[in-house]
Structure formats: structure tokens, C-alpha cells
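Student: So the chains spell out like this:
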Amino acid sequence: MNDQTMTPEERAANLKGMGSSRKRVEDVRFTQGKGNYVDDIKLDGMLFGDFVRSPYAHARVVSVNKEAALAQPGVIAVLTAEDLAPLGLHWMPTLAGDKQMVLADGKVLFQGQEVAFVVAEDRYIAADAAELVEVEYEELPVLTDPFEALKSDVVLREDIADQTEGAHGPRKHHNHIFTWEQGDKDATEAILAEADVVAEEMVYYHRTHPCPLETCGSVASMDKVTGKLTLYGTFQAPHAIRTVVSLISGIAEHNIRVISPDIGGGFGNKVGAYAGYVCSVVASIVTGKPVKWVEDRMENLMSTAFARDYWMQGKIAATKDGKITGLWCHTTADHGGFDACADPTKFPAGFMNICTGSYDIPTAYLAVDGVYTNKAPGGVAYRCSFRVTEAAYFIERMIEVLAIKLNMDAAELRRINFIKADQFPYQSALGWEYDSGDYHTAWDKALKAVDYDGLRAEQAQRVEEFKAGKTRKLLGIGLTHFTEIVGAGPVKNCDILGLGMFDSCEIRIHPTGSAIARLGTISQGQGHATTFAQIIASEIGLPADDITLEEGDTDTAPYGLGTYGSRSTPVAGAATAMAARKIRAKAQMIAAYLLEVHDDDVEWDVDRFSVKGAPERFKTMKEIAFAAYNQAIPGLEPGLEAVSYYDPPNMTYPFGAYICVMEIDVDTGEWDVRKFYALDDCGTRINPMIIDGQVHGGVTEALAIAMGQEIAYDEMGNVKTGTLMDFFLPTAWETPNYITDYTVTPSPHHPIGAKGVGESPNVGGVPCFSNAVHDAFRPFGLVQSHMPHDHWRIWKIANGLGMHG
Amino acid sequence: MIPAGFEYHRPGDIASAIGILQEHGDEARVIAGGHSLIPMMKLRMAEMGHLVDLQAIDELKGIQIGSDTVTLGAMVTQHELITHDGLAAAIPLIREAALQIADPQVRYMGTVGGNVANGDPGNDMPGLMQCLNATFELSGPDGNRSVAAREFYEAAYFTAREDEEILTRISIPVPGAGVGQAYEKQKRKIGDYATAAAAVMVGNGTASVAMTNLADTPIWSEGASAALADGDVNGCVAAMLDAIEPVADNRGPVEFKKHVAAVMLRRAIDRAQSRAG
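Top line first, the protein sequences correspond to chains A and B. Residue numbers for the first sequence follow my numbering, so the first one is 1 and each next one is one higher. Residue numbers for the second sequence follow my numbering, so the first one is 1 and each next one is one higher.
Because the hints were derived from the structure by calculation, they are not lab data. These numbers come from a predicted model, not from an experiment. One thing to keep in mind: the hints can contain errors.
Straight-line distance between alpha carbons at most 20 Å, and here's what the computed PhoX-like set of lysine-lysine pairs gives [what the hints assert, rightly or not]:
{"id": "1", "chain 1": "A", "residue 1": "Lys289", "chain 2": "A", "residue 2": "Lys323"}
{"id": "2", "chain 1": "B", "residue 1": "Lys61", "chain 2": "A", "residue 2": "Lys720"}
{"id": "3", "chain 1": "A", "residue 1": "Lys172", "chain 2": "A", "residue 2": "Lys185"}
{"id": "4", "chain 1": "A", "residue 1": "Lys675", "chain 2": "B", "residue 2": "Lys258"}
{"id": "5", "chain 1": "A", "residue 1": "Lys720", "chain 2": "B", "residue 2": "Lys42"}
{"id": "6", "chain 1": "B", "residue 1": "Lys42", "chain 2": "A", "residue 2": "Lys796"}
{"id": "7", "chain 1": "A", "residue 1": "Lys323", "chain 2": "A", "residue 2": "Lys405"}
{"id": "8", "chain 1": "A", "residue 1": "Lys796", "chain 2": "B", "residue 2": "Lys61"}
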């Protein structure tokens, strides 16, 4: 095989390295029902936990009577805040510098909040007993509107009512959390005052939920003999969870083993820490037995981390020719009862300051006010980097609003404002350094691919037909050019709970030339075992099929900050390449020794080192691996392994051009996506098939969010969308076909030039669908209407424009 | 989503099933396909000590196609309604509506009897059966009786069926040649209940019009039907809009539902008329 009869190209193809559409190795077990998820974990003597949850959004807990529940055969314990208080575990720190009740301590702040934890011998007894716990509540006034909350006398967080200083600076009101400002306020306001044109609009990105297929859960097992705690759970960041568990429980970190088994989707929902995790640990410590907690779908939607809920007031200034001169944004962020946003510590509104988007906007200002309300906590990055989808939605709506004000074509307005290819690295007005991009090339390719001019002509004709009474359907052309910021991130400015956001990879080459690699990340469906093996295959010349990949066990994997925010490829993928290069460097010395030449006289050739100028004299990586274990090589340690902890010098900035063509029935509000074109530039492409899959999934989640998915509350704080009947999760039937395309602009600072792609389609997809809806009604006078664009809200637009006679 | 405990019964004939219902009174409920009842049990909104599963009772199965009447056993699944060629020929409206119910997995289990007997205003079959002027056969401790579909529904989940009765069969007059039929349904996604749905038959100087999920029972309107029989489409729609009483929910406010109801009805009428004669 590895002789000179094969060309270098053939040898490279055999490796199934970078660029290969290698089939996902994970799918063998997933498609046969052989995955191993948290709820598949069964341990001897395992007990089951279930929560008593608050039916009220805001109430004082007057009393909790456990007697009837405890009298039930098979019930082991009923835990309340009183039981956790002596351990200091009735509250827990949040990722946002706030603290959160584990079990209701005197009051509840949202419907579905955890009040008591019932532990029983089986799942059914636990559920029966939870019904028997008698909780007396005294209802309190409910605040579901963040603007009202900032004016109300009602104090939601009595525990911090007197604190005028929060984790992110001064608090202006007892329901205020923080104000976060970026950019130059005075300069921006000066530009707005003098501009030819200013468009102003409130852009609301409604509250939704990641709703992964697998809900959250954990199994805790405290071994009282060894003193070791094993915690299985749905963790997107298992190493950070180990550290947090150690810090809050007092158990030494080496005595804690955290395992994330297979995870059935995360999308940010599984980044934070939940009461169920803490309660399963406490219950296992108390009972000495393993304790499992797995939430159901309604609990997942009602109580675990939501996403979005940003009210973004925007002003955008431009010359009369359409050159944007300034951008102003004030965001009111509804965080719910506790600030549990999963953002790097110094970024309480995530990377919302990427809201200048793909455009060369010289001056900008952003302020975000975080507010407490009687809703579930969260604020996670649902298939996006931290608050990037909010930022992208904001700017892509503001561009459309400006285009209306200027009476310009929105595609042309974008084109004349794009950052130019020769401006990279580009310093944005709100503080980021964009690494690389070529927006004009991508944009032109996209417009050409869909025949943009033809679509506009068709739309104009449709408008005429509509006005003539020949059709009741409108045609919308949704445009988006988004810029993501992913790969958090440089340790100097990104940490979570003080843990720098580096990531890691450790590679061991076995004597026969196969390998195992372990990373600090954890796949939730992204296909890490497939793609990271491809990086290694290309870097060290061993076939991807011969490389095992492991993640998620803190006893074996190197420390890392986990998988979310499209950070795995930018950070852990870089660590993988760097570790592989260390191995290749040692392999070079081994090869030189075996070939009896100087180190500098051999060169890398796909899967081998050969003597410069004499390619027939070579040693393959397989031969080198064996030599590493069976030869005494002067000056070299035996073995062949390496570890890399990678601290990225910058974020990466994937981008893309998306176009949606949508038909809208003005009489029913029904919509139909006729075409969706997605061009993604994620830098170097590791596995095109996985990229396509990521784009399909991400755009489908974007479709869901834009066209119907929401967590809605009534004025009493009741969740109105707590089941999949009302919470829109598209089926294959509602999911359109997608056309995917790409350009390649490598990241200049990433070892292999890759940027990450998992979240781009959601970031770009949401404004694209929403813009299509808006665009359909633009000829009839619509400027702005809030998502989700479900049937009745689309109907309401048409009705408001007088289209129903 | 963990139901409370219950005893499970699986009788082999109707008489045994009625016996179990008599023995346990309102502690017992029959279960057909389970697609309404089991979610309610998981939510603990329905709790009963005894669940009487009807799937082993052969008397409740089967589709008979007569020249004047079609008879459906209560345990006939939606899937069987869709795949039965004779039924599709005799009353195409049933297949057309069944295809718009839920998704294939649900339709393999969901039954026509469960759908009509449960009294859920979201279910499609009750309105359809009112449109078709079907008759429900009930068996109870005192023997058998028939109730017209148009007389069966009293309020949401309340019907003319007594606690100890079982709905066993559905008899439907065959509309005959020349009668056009159509079922038009707007829903948010596959598997959803209707935002509004309309069942229409028209032809040979007759018409029948019923709508779904726009009140706490299905709505068959005599006035709307008579207007349509006279060819007065606007009168038909106006009469129906008078008859429905939609409530606001996540699908939208009342104003929207009334508008969509009219749109669905007009579309169903158009299609039914195009198939008539």
C-alpha cells in the first residue's frame, strides 16, 4: 500500500483527512439505537429523583409538608432548601456572576421553579410522591415585562435588594442587573444628529428555547468507601462542571469524575448547571446510592435555559447615497428570575457588540441593560456564539429598515457597505478585530446563484397581479449577509468562572501505527470523532479510520472548556493540529535516525518522511510509530505522544450569504419556502458532508425560531408553550430543501485555517427567513414586525395593511 | 410525564368490556388508540384506576361498504381509513380528512371510534361525521342504541355517551353520485389540531357543512347547509360564522380564527363544487 506505486494524491485520499466527506463514525451506533445517553446509565441500587415545581411565577413559599410523601412506600427522602442549607447548597453560583436557588428558599421567581426534590426507589414512586408534597404558596404580583419590571415597586430578588453593585457594575433599580456599554456614545449621537438619513426601529428577538432531542439529566454516584464521586450528565462542558462541583461541594477535584456520555443535542441548553444536577449529587451523598434525575420535555421547556429575549432599539445613520455612518443600539435584556446567562465573564451580553455585522460602520454605540422578571433563567447561546444571533438579527433588520428609508435595493445597500477584502484584519467600531473575509465575492456569488434580478422582476410582477386581484399570494425575497464571531477564546479576555477558555488535545500513537486522541470538548452531534480524526490524519499521515477519538471523561481527557459557541474546531481543532505537529516533529527525528541522515535532510510527504532529493528512501508514519516503541534512539525518549493546550490569539469570523424565497398567503398567514440558498465561508473545510449537515440542521432551527417557535408567557407568568404541540419544532414536512454553497477564506491565525460552522446557519438563517416575510409586504408599506412569524402574526400584518378588504 | 398507577384490562368482547365498566363505574375508562387519553394520563390530567383496552375485541373492527351505508368499527384505525379502497370510492371525504390527521405513526394507532367518542373539539372526525350525517352505535348495560353525530356532542369532552356505554360502530349514509366532497384544514404543522377546518358536501340540490375546532363542539350548521344547497355561498359562510364560537389560544385571536374559518369554508366549498355533478 504505502509504497511508491501510489501517487501522493492517492495516498492522501486513503487517509480520509481534511477535505474528505468521510461518513460519520458515530452514526453506526446512533442509527442502530446503540447510543449511550444519560438515561441509558443504570447502576446497582440506583434511586430516582423528581421535582416538586412551582405552579406560580411569583409567590412566597409559606410551608412545605413532606409527611404524606415520606409515608409512601419506596420514598427515601424529600429534600427542600432547609435540608440543603447546612451544606451551603441551597443556592448555587451562576455562570453570569449571580446566584440561583437550587430549591426554593422562601419564594419562587418563575413557574416551574424547583421547590422540593423527591428521592424514591423507582421513577413512578418518585412521580407519585412528588404529587403528595403539600406546598402552601402566597401569590405575589407577577412581572413578565422587562420595561415594566424596571419601573415596578415589586422587588423580585429580595436577597440582593439592597445591593447597588452587581457582578457587572452598578444596578440602577432593584430589578436591574447590569448596564454594559461598548463603543463611543457621544460620537455616535453626534453622527445621528447630523446624518442625511436616520432609520429608527425597535427590533425584538423573542424568547425561545434550544429544545434538544434529549432533555437534561444526571446520574450521581458517591462511593463512600473510596470517597469518589462519579457524575454522569448532559454536560457541554464536563471539565468546568467538575471544577464547579468541587468548589461548591468541597469534594477535592481529584475525587470527582465527570462523564458526559453520548449527548442528544445541546445547542447551548446543556452549558449551565441545573438544580437537578446538584440535587442528584446531594441525594447520592446523603443516601450513599446512585441517584438519577432526568427531566421530561415540559420541564425542559419551562425551567431549563431559554435563549434570546432581547428588545433592541436601533438607530442607523447614512448618507443619502446609502453609506452607513453610524449605528446606535440600546438593548433591554429579559434575563428571568436569576442571571444565568452562559457568557464569558467579562461579556454580560455576550458578543452582542458584533452587531455592526458585515459592514464598515465607522462609529457605533451599544448599551445593554439586563433585567430580572418572573420568567425562567437562562439566556444561552442557542446554536450561536454568545448573543451573536441577536446581533445579526438586529443589524440585518436595521439594514432592511434603512433600505426602505432610502428607497434602495437591500442587496445593493449591503454591497456598498461591506467591509472590503483588503480591509482585513478589520478593527470594528465596537472593539473586535475581524480576522479575514471576502464578503463581496460571496455576495455576488449568492445573488448570481439565485438569479436575484430575475427574482425581483418576478416579485414586481406578483405585486401587480396581487393589486389586480389575480392572486392572493405574495413573494418575499429574504437577504442576509452575516458575520459570526466564534471560537472563544483568547484567555486574556475570555473566561468562564475564572477558567480561561483554551482547549486541549492529547494524542497517543500506538506501536502499530493507530492512535487515540482525547479532547477537552464534547460532541453533542457535531461529529467530533469523525472530523478531529481527519485533522490528525492530514497532519500526521495515519488513516482517520485508525484513529479513535474520546471526549467527555474528566479522568482521561485533558482539561478543556467544552463545546458551545462553535468553539470546538477553532480552539480544540487548533489544539489537535498543534499536538499532531509535535508528534510529527518527533517523528521527523526518528525518521532521520532510521534513514541515517540529518533531521533537516528529510521532508514530509503526505504519510511519510523521505530523504530530500531521494524520495525512494523514506519511512512511513507506521514504520516510525513502531520504531518509537522498539528502538533505542539516542537523545529521544521512547514512545510517540503529545498534548497541546491551545490559547487562540483571536476569535474566528465565519460569514455567509443566505437568500430565502418565500410564498405567503395573505388570507391565512401560511407560508411556503420555495428556495433557500446558503453560502457559508467557514475557512478551511474539514468535512464537506458534515458542514452540509450542520447547515441543514442550523437553518432548520432558524426556520423554527423565525416562523413560530417561542416560549410565551401569559400575564400571570404561566408558560403557554410548554409542549411540542405549541412549541414549534419542524418535522420533515415543514422543512424545506436547502441549497448549500461555499467560498473559502481561511483564518490567518488558526493552524489549519478553519473557522467553525455549526452555528452560522442559525445566525444567518433567522434574519433571512424574517427578512423574507418583511420583504413580501415591503411593497405594501410594512417596515417592521416582530417574530415569530406564525400564521396569525403574518395574517395580522396583512390585516393591518388593509389586505382583507 | 409519568402517569399514576392503574389496573389494565383487556377484554375479548363488548359484553365483558361493559361488565368491567359497570364494576368500576367512573373509576374506569376505555382506551382505543390512546392518542388523546395517554398524554392526558401522563400529564395527570386524567387519572383512573382501571383502563379497559378495546384492541382485543374483534366485534369493534372492520369496514363494511354497503350500497347505501358504510359501517366503520370503532377500532378501525386512521391508517385503515386511508388505505381502504372501497371506502375511498364510496366516501372519498373520509380518506381526504384522515390524511390530514396527525402523522403516519399516530394514524397507525389512532382510531376513528376514539376520535369521535372522546369529545375533544380539536379532533377532525366529529365535524366530518356531522357533515356526513353519521350515526354512532352505542352498547351499554341496557342494550344498544343509536345517536346521530349531529346530536352527540354537548360540550368539550361531554357527549351523549353514558359512562358505562361503549361507542361500537359508526354508520354513514353513502352520499351517492353527483355529491362533491372536500375537507380543508389549516394547521400550524404536521400533527397539530386545526386552526380551522371545514367539511363540505354539495350536489344534487343538497349540501352539508361542518367545521372543526371553532367552538367547544364541532359545528354543523343547518342554516349554512341550506344556504349552500340553494347555491348561496355567501349566505352559507355568513350562517357558519354566526354559528361558530372560537376562543383565542396559541393559534391566534378570535378575529383571526373567524377569518380563517371563512377562508377554509370557501376553499372547501370551491373544491366540493368542482367535484360535484
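Student: Just pull the numbers of the violated hints for me, sorted ascending.
Tutor: Hint check: 1, 2, 4, 6, 8 fail, others pass.
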